[in-house]
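Q: Protein chains in written order, with the working numbering: chain C, 2 to 384; chain A, 32 to 288.
Hints in this document: simulated from the structure, not taken from any laboratory. Check before you lean on any hint, since a few could be wrong.
Mimicking DSS-like on lysine-lysine, the simulated pairs with C-alpha atoms at most 27 Å apart in a straight line are [what the hints assert, rightly or not]: (1) C:Lys-380 x A:Lys-162; (2) C:Lys-380 x A:Lys-131; (3) A:Lys-274 x A:Lys-225; (4) C:Lys-380 x A:Lys-143; (5) C:Lys-107 x C:Lys-134; (6) C:Lys-134 x C:Lys-178; (7) A:Lys-40 x A:Lys-217; (8) C:Lys-17 x C:Lys-163; (9) C:Lys-275 x C:Lys-17.
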Amino acid sequence: MNSIVDNTIFADLHKKEDWLYTNVSGLSNISFCENGDVDPSIISKYDIAVNNPLVVFVNGIYEEEYSRLSDGLSINDPNFETISNRSDSEIPVGKSNSLSITGTQKDTVHILQIVSGDAPVACFGNVNICAQKDESISVAETHVAITDFDHLFMPKTEVVAKENSNVTLVRAIRGSKEAYHLGSLHVVQHESSKVQTNTITLGGKRVRNEVFAYLDGENCVSNFDGMYMLGKNQLVDNHLRVEHNKPNCDSREFYKGVLDENAKSVFTGRIYVKEDAQQTDAKQTNQNILLSNDADATSRPQLEIYADDVACTHGATTGEIDDEALLYLQTRGIPAEAARTLLIYAFLNESLDELADETFREVLVEELLSNLPGGEFIKALYL
Amino acid sequence: MTTPLLEIKNLHASVEGTEILKGVNLTVLPGEVHSIMGPNGSGKSTLSSVIAGHEAYDVTEGSIMFNGIDLLELEADQRACAGVFLAFQYPIEIPGVSTKFFLKAAVNAIRKYRGQDELDAMDFLDLVEEKAKSVNLNIELLDRNVNQGFSGGEKKRAEVFQMALLDPLLGVLDETDSGLDIDALKIVAEGVNKLRSPERGFVVITHYQRLLDYIIPDFVHVLMDGQIVKSGDKSLALVLEEKGYAAFKPCGCSCGC
Numbered sequence: 002m003n004s005i006v007d008n009t010i011f012a013d014l015h016k017k018e019d020w021l022y023t024n025v026s027g028l029s030n031i032s033f034c035e036n037g038d039v040d041p042s043i044i045s046k047y048d049i050a051v052n053n054p055l056v057v058f059v060n061g062i063y064e065e066e067y068s069r070l071s072d073g074l075s076i077n078d079p080n081f082e083t084i085s086n087r088s089d090s091e092i093p094v095g096k097s098n099s100l101s102i103t104g105t106q107k108d109t110v111h112i113l114q115i116v117s118g119d120a121p122v123a124c125f126g127n128v129n130i131c132a133q134k135d136e137s138i139s140v141a142e143t144h145v146a147i148t149d150f151d152h153l154f155m156p157k158t159e160v161v162a163k164e165n166s167n168v169t170l171v172r173a174i175r176g177s178k179e180a181y182h183l184g185s186l187h188v189v190q191h192e193s194s195k196v197q198t199n200t201i202t203l204g205g206k207r208v209r210n211e212v213f214a215y216l217d218g219e220n221c222v223s224n225f226d227g228m229y230m231l232g233k234n235q236l237v238d239n240h241l242r243v244e245h246n247k248p249n250c251d252s253r254e255f256y257k258g259v260l261d262e263n264a265k266s267v268f269t270g271r272i273y274v275k276e277d278a279q280q281t282d283a284k285q286t287n288q289n290i291l292l293s294n295d296a297d298a299t300s301r302p303q304l305e306i307y308a309d310d311v312a313c314t315h316g317a318t319t320g321e322i323d324d325e326a327l328l329y330l331q332t333r334g335i336p337a338e339a340a341r342t343l344l345i346y347a348f349l350n351e352s353l354d355e356l357a358d359e360t361f362r363e364v365l366v367e368e369l370l371s372n373l374p375g376g377e378f379i380k381a382l383y384l
Numbered sequence: 032m033t034t035p036l037l038e039i040k041n042l043h044a045s046v047e048g049t050e051i052l053k054g055v056n057l058t059v060l061p062g063e064v065h066s067i068m069g070p071n072g073s074g075k076s077t078l079s080s081v082i083a084g085h086e087a088y089d090v091t092e093g094s095i096m097f098n099g100i101d102l103l104e105l106e107a108d109q110r111a112c113a114g115v116f117l118a119f120q121y122p123i124e125i126p127g128v129s130t131k132f133f134l135k136a137a138v139n140a141i142r143k144y145r146g147q148d149e150l151d152a153m154d155f156l157d158l159v160e161e162k163a164k165s166v167n168l169n170i171e172l173l174d175r176n177v178n179q180g181f182s183g184g185e186k187k188r189a190e191v192f193q194m195a196l197l198d199p200l201l202g203v204l205d206e207t208d209s210g211l212d213i214d215a216l217k218i219v220a221e222g223v224n225k226l227r228s229p230e231r232g233f234v235v236i237t238h239y240q241r242l243l244d245y246i247i248p249d250f251v252h253v254l255m256d257g258q259i260v261k262s263g264d265k266s267l268a269l270v271l272e273e274k275g276y277a278a279f280k281p282c283g284c285s286c287g288c
């Protein structure tokens, strides 16, 4: 057992129903250290919006020197009440410096959580967002492992959206394709609040993105979206549970991804509708494009409904490129291979199209294109 | 003698083992507009798909020569680069990429094939602006994703704009009039007429005579059950309008003979 994390729990985790397709038992053999250094130039490389607030953590430690706090942001606020105890996540919870965000944040607050070291590092991340009545908050988190070791990062983000508030949150996993990211997002929504989250997975070897959402007020709107582009030896497991506890709420889970080589994706979306949560409108979609015969996508859409006047739908598609669209591009002179690349890009880019923060979107497109076979061709098209 | 732009000889084509085209012959010279009319299921759209290079159709017999080259030897994209343009009956929507972005890929692929330098962003946008003006297309439409959220008329106008931009030798219009009201039809026809030139030919496929009031063809062909059963000048379209397709059945009856 390590001092930082009890990694013995990972040995048998995949024997549980909720982890059936995601084997992280390799973690139980790793001896983790807590500290590691990072080259300051790396931090500036990931500091993409120099006019926006920025909060930097390296291996769970707050880096004041590189951070730019705005009003409403505080580090290690002791008064924060946790909501994650409502969720049955198996991911260990641990101590790290924490960030609390409240008050309207018109300029997107960027959070950079770096994991780095010359040996495997295990660390936690703790972000708490609380939008009070009528407030509006936009946050963009970047989770990045720098060095190619079996790092273990366990970032936890909590969102409380009070009455009539609006929270937009992007969480992007970038960088090394060797690290383990076991992250969870816990959301509690009150009346007429709106929450939009996008979980983007480009980096990591084994990635688990959990979302637990509790719609505790009427007329909530909740969109939990995700996108992934994975290659050799990468796996992402998007695991969601959305609880409709009050009537008249709309929720959407929309995850799409492209898998190359022997990449794997798992999607488990559970929508739970309580007896009196009438007029619930819940949608669940998972779309995958497989670029190789060795790639594998597993979709498990699940509905658990106790109310009788609801509209819940789920759909999953796994396939290849649409032939008609391919022909259309070819009849415009674009060679088949380039046309295929363009269509894959379009498929993924659709889920980035709506990201509120333009700079962040551009950076993600850039990284997406460097992961995408033939992505250079697309880069040349930018006007 | 002028090299025909398009010379189709005894073309037979099938899809999933069912023969749709059963010996089509058609010759289009530069500058000519040919209209192909026929009832539903006669093979009109199959003909346009085969010319464009749709892989789902197997050509089992016959040939298609385009400007002296064997078109059937080329992939769909090579045909486009050689100068064939197909305006789709149902243009495909592609969420996730803007029309401009997609067309820059198209223009530069074609230029590369033709041994020309690729256009940079500035020159490309100038070209887009010029061509959009020439067919009265609102340029803002091109910032939207490919055909996504376009009205029926906007989709067809965008197809004609793409044709203007890609500057083909042969334009094949597959039921471009379907789903258009009369005003939209006029605008689309006007765009096509502007592209008529002594070098360029058109094959206009349509179910109804209406479109031919605005795009006046040099020749009209009646396609029935996979064969051209009658050819004539534009007056043939009027006869069709009056008498219907049944009159052109080999035996004049409505049986399957």
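Q: With a cut-off of 27 Å on the C-alpha distance, tell me whether Lys-274 of chain A and Lys-225 of chain A pass.
A: violated (32 Å)
Q: Given the hint that Lys-40 of chain A pairs with Lys-217 of chain A, does the C-alpha gap stay at or below 27 Å?
A: violated (33 Å)
Q: Keeping to a limit of 27 Å between CA atoms, is the pair of Lys-134 of chain C and Lys-178 of chain C held or broken?
A: Violated, at roughly 40 Å.
Q: For Lys-380 of chain C and Lys-143 of chain A, compute the direct alpha-carbon distance and say whether it is at most 27 Å.
A: holds (17 Å)
Q: For a C-alpha distance cap of 27 Å, please report whether Lys-275 of chain C and Lys-17 of chain C respect it.
A: At roughly 25 Å apart (the allowed maximum being 27 Å), Lys-17 of chain C and Lys-275 of chain C satisfy the hint.
Q: Next pair to validate is Lys-380 of chain C with Lys-131 of chain A; report whether the Cα-Cα distance is within 27 Å.
A: Status holds; Cα separation ~14 Å.
Q: Are the Cα atoms of Lys-380 of chain C and Lys-162 of chain A separated by 27 Å or less?
A: holds (25 Å)
Q: Compare the distance between the alpha carbons of Lys-107 of chain C and Lys-134 of chain C with 27 Å, and conclude whether the hinted pair is satisfied.
A: holds (15 Å)
Q: For Lys-17 of chain C and Lys-163 of chain C, compute the direct alpha-carbon distance and say whether it is at most 27 Å.
A: Not satisfied, since the Cα-Cα distance of roughly 34 Å exceeds 27 Å.
Hint violations for this structure: numbers 3, 6, 7, 8, all remaining hints satisfied.
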